[in-house]
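With chain A's structure known, arrange chain B on it following the hints.
As you go down the protein sequences, you meet chains A and B in turn.
Letter 227 of the first sequence, counting from 1, is numbered 226 in numbering that gives the first Met the number 0, and no numbers are missing.
Letter 30 of the second sequence, counting from 1, is numbered 29 in numbering that gives the first Met the number 0, and no numbers are missing.
With a straight-line cut-off of 30 Å between C-alpha atoms, the simulated DSSO-like cross-links for lysine-lysine are:
| hint | chain 1 | residue 1 | chain 2 | residue 2 |
| --- | --- | --- | --- | --- |
| 1 | A | Lys20 | B | Lys124 |
| 2 | A | Lys32 | A | Lys153 |
| 3 | A | Lys124 | B | Lys26 |
| 4 | A | Lys15 | A | Lys32 |
| 5 | B | Lys15 | A | Lys377 |
Derived from the structure by calculation, the hints contain no laboratory data.
There are 2 protein chains.
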Amino acid sequence: MENFDFYSPTYFSFGKDAESKTGSLVKRFGGSKVLIHYGGGSVIRSGLLGRVKASLERESIGYIELGGVKPNPRSGLVYQGISLCRKEKVDFILAVGGGSTIDSAKAIAAGTVYDGDFWDFYEGKPVTEALPVGTVLTIAAAGSEGSPDSVITKEQGMIKRGASGDAYRPKFSVMNPALTQTLPPYQTACGITDIMAHLYERYLTNTGDVETTDRMIEALMLAMVHEAPKVILNPDDYQARANIMWAGMMAHNNSCGVGRTQDWTSHNIEHELSAMYDCAHGAGLAVTMPAVFTYTMGHDITRFVKVATRVWGCEMDFENPEATARAGIEALRRFLISIGMPKNFSELGAKEEDIEKLAHTCCYGSENSDGTITGFTKLTQKDVENIYRLML
Amino acid sequence: MENFDFYSPTYFSFGKDAESKTGSLVKRFGGSKVLIHYGGGSVIRSGLLGRVKASLERESIGYIELGGVKPNPRSGLVYQGISLCRKEKVDFILAVGGGSTIDSAKAIAAGTVYDGDFWDFYEGKPVTEALPVGTVLTIAAAGSEGSPDSVITKEQGMIKRGASGDAYRPKFSVMNPALTQTLPPYQTACGITDIMAHLYERYLTNTGDVETTDRMIEALMLAMVHEAPKVILNPDDYQARANIMWAGMMAHNNSCGVGRTQDWTSHNIEHELSAMYDCAHGAGLAVTMPAVFTYTMGHDITRFVKVATRVWGCEMDFENPEATARAGIEALRRFLISIGMPKNFSELGAKEEDIEKLAHTCCYGSENSDGTITGFTKLTQKDVENIYRLML
Numbered sequence: 000m001e002n003f004d005f006y007s008p009t010y011f012s013f014g015k016d017a018e019s020k021t022g023s024l025v026k027r028f029g030g031s032k033v034l035i036h037y038g039g040g041s042v043i044r045s046g047l048l049g050r051v052k053a054s055l056e057r058e059s060i061g062y063i064e065l066g067g068v069k070p071n072p073r074s075g076l077v078y079q080g081i082s083l084c085r086k087e088k089v090d091f092i093l094a095v096g097g098g099s100t101i102d103s104a105k106a107i108a109a110g111t112v113y114d115g116d117f118w119d120f121y122e123g124k125p126v127t128e129a130l131p132v133g134t135v136l137t138i139a140a141a142g143s144e145g146s147p148d149s150v151i152t153k154e155q156g157m158i159k160r161g162a163s164g165d166a167y168r169p170k171f172s173v174m175n176p177a178l179t180q181t182l183p184p185y186q187t188a189c190g191i192t193d194i195m196a197h198l199y200e201r202y203l204t205n206t207g208d209v210e211t212t213d214r215m216i217e218a219l220m221l222a223m224v225h226e227a228p229k230v231i232l233n234p235d236d237y238q239a240r241a242n243i244m245w246a247g248m249m250a251h252n253n254s255c256g257v258g259r260t261q262d263w264t265s266h267n268i269e270h271e272l273s274a275m276y277d278c279a280h281g282a283g284l285a286v287t288m289p290a291v292f293t294y295t296m297g298h299d300i301t302r303f304v305k306v307a308t309r310v311w312g313c314e315m316d317f318e319n320p321e322a323t324a325r326a327g328i329e330a331l332r333r334f335l336i337s338i339g340m341p342k343n344f345s346e347l348g349a350k351e352e353d354i355e356k357l358a359h360t361c362c363y364g365s366e367n368s369d370g371t372i373t374g375f376t377k378l379t380q381k382d383v384e385n386i387y388r389l390m391l
Numbered sequence: 000m001e002n003f004d005f006y007s008p009t010y011f012s013f014g015k016d017a018e019s020k021t022g023s024l025v026k027r028f029g030g031s032k033v034l035i036h037y038g039g040g041s042v043i044r045s046g047l048l049g050r051v052k053a054s055l056e057r058e059s060i061g062y063i064e065l066g067g068v069k070p071n072p073r074s075g076l077v078y079q080g081i082s083l084c085r086k087e088k089v090d091f092i093l094a095v096g097g098g099s100t101i102d103s104a105k106a107i108a109a110g111t112v113y114d115g116d117f118w119d120f121y122e123g124k125p126v127t128e129a130l131p132v133g134t135v136l137t138i139a140a141a142g143s144e145g146s147p148d149s150v151i152t153k154e155q156g157m158i159k160r161g162a163s164g165d166a167y168r169p170k171f172s173v174m175n176p177a178l179t180q181t182l183p184p185y186q187t188a189c190g191i192t193d194i195m196a197h198l199y200e201r202y203l204t205n206t207g208d209v210e211t212t213d214r215m216i217e218a219l220m221l222a223m224v225h226e227a228p229k230v231i232l233n234p235d236d237y238q239a240r241a242n243i244m245w246a247g248m249m250a251h252n253n254s255c256g257v258g259r260t261q262d263w264t265s266h267n268i269e270h271e272l273s274a275m276y277d278c279a280h281g282a283g284l285a286v287t288m289p290a291v292f293t294y295t296m297g298h299d300i301t302r303f304v305k306v307a308t309r310v311w312g313c314e315m316d317f318e319n320p321e322a323t324a325r326a327g328i329e330a331l332r333r334f335l336i337s338i339g340m341p342k343n344f345s346e347l348g349a350k351e352e353d354i355e356k357l358a359h360t361c362c363y364g365s366e367n368s369d370g371t372i373t374g375f376t377k378l379t380q381k382d383v384e385n386i387y388r389l390m391l
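Just chain A, same shape as in the assembly (with noise of 0.2 Å):
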């Protein structure tokens, strides 16, 4: 286990009705006057932003609202939020919604007390100061909750990139299981594929002997593969939903890819394409993740035996230790599949001739990027494009 530090101060109120508690929860963070951020209408016809205003007026808390949020989220909406955050001298920023909404409001409240372009923390910067930001989840997904994480998409060249610091974490999130029922199947399906991923990208690691979180990893896919079929038969059913928002915040505040290197070649290659697309993050991840598995795989055999035989119940096969790393990446897709999710590039929307224009930006598009992607092991811009060949 290498050396770490671990900070996750987010005080998580979680149930049935938690979002009532908002107003006394931005309150004893200290905000005054809140800048309420959101998405789409879904929000506003569920009541959901109707009883957090309610709740904020009930503790005399002042706030200003700023709609539009869209998946991948802009960065022109947050340089909007800036500067509607600084003229009505907002010090709370409140994300209702799921991780765009989530991410998009970290953006706002870092770039409001930042002199220069917040753009710069999506290129490397690290983020150390920002407005406190509380969340109202509705989707477990990005785990962005729990995580001093954000991914935003520059509209030029259509760059999507993340920003990473403590500041990040939110200082309160509402988890209300039941916000989630309501939630298409589809949707849903494209957030248990990014909690698979926040997964699996901590767990193709080249650290040695990290049994622990190696071991709390596989519980958590362990109950998501137990839980998932559940929620796709029947939305309504609070406990999977509820078992599955919790596993989502713990699959990505960290405290299971502590000690560790990390991956994140499935997400920095998905990234591409629904940036260049628009698609879900979560089904361009359950396209991209069997790809990179079936392509990075030999670097270390041992992790994906592992993987296929404590989570996904394959056989070992003591002659062919490759066979069961196999079996295991496809045991991950026959369940991405079976919940709905997408299985190649043409179902995605993306195109083949489009690949060596994907690859290049994944490889060179951030200022700092020497023409690799490094994680579990190092790629090119030709093993990635091999990589998206794999998708067709």
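Using the frame of chain A, we list chain B on its own:
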């Protein structure tokens, strides 16, 4: 899953030489005059106390010292610490040691800012305010480095009781696995047993469908069973020490205990043993757990069948699930004996003739007690006597 709030704001600095950061961490969390609290001479002899002081001095932080914490820490030293802190205007308590030292530090932290008798908190008053506490951990066991809990023994009547509250969560915990390499095997094994108990007592729930946290608890148990024999065989195995140390924190910060009822019967019944005979808490638990589980398994055999098959690798006996449950308890008992723990009352130094008194204090010892102890199931004094008898 039941509604819950979860808040674990402790900053964990984990790894080799992590204690050199102590001073900067105290500064980060606002300390300017520190009480260094510790146990016997081992932290002096090992040089740890010197390194911690040097780290404080580098940050120009003043400190005073109070050593002498004993296993099953006593109220007498807590009162001494409280008056010392008031007199010297201490604003930060730094525990250098294991669970006993940290628990004692927490009690001093609450008592210093409280007008009444600190023992009120150990009679059920919630801990809402305390001086900030930091820890430099020297044994993986109690989980107090990340928990909101503290257990103190009152000399009059040798009453051992716990108190709890978010104010008891340490501001930071320094976790250097190398510091645990010098522990004698018996103490190491006691710590391992305590961690296993924290997992079992969360696992024994009456809440249905808590698959995610079930899996997490099983994961931590599996990691302990895998790593424990390594450190017993080779105390210098840093990686195994590191895995156990992180598991010990995760087992008790309650991230895998949320949204479910918990047991704590074994802890309650054991507390009387370590209070009366001053035996090690872990050793007491090793004798107590199998007896409690054997006595209470009929309340919900499924819990015991699940842990038997998933953690201990027992074959499922579909004709006789009780046999599977018993096999799991037997596997736990064998594991504890294999790492050097006692197996019965006499090895613990406990006496059959004390059973009635032990059971009476357990059920009636606290001011608020109604003659029963309640967790996984409700037990009367007669039940508790029967459980002690199973340990003979």
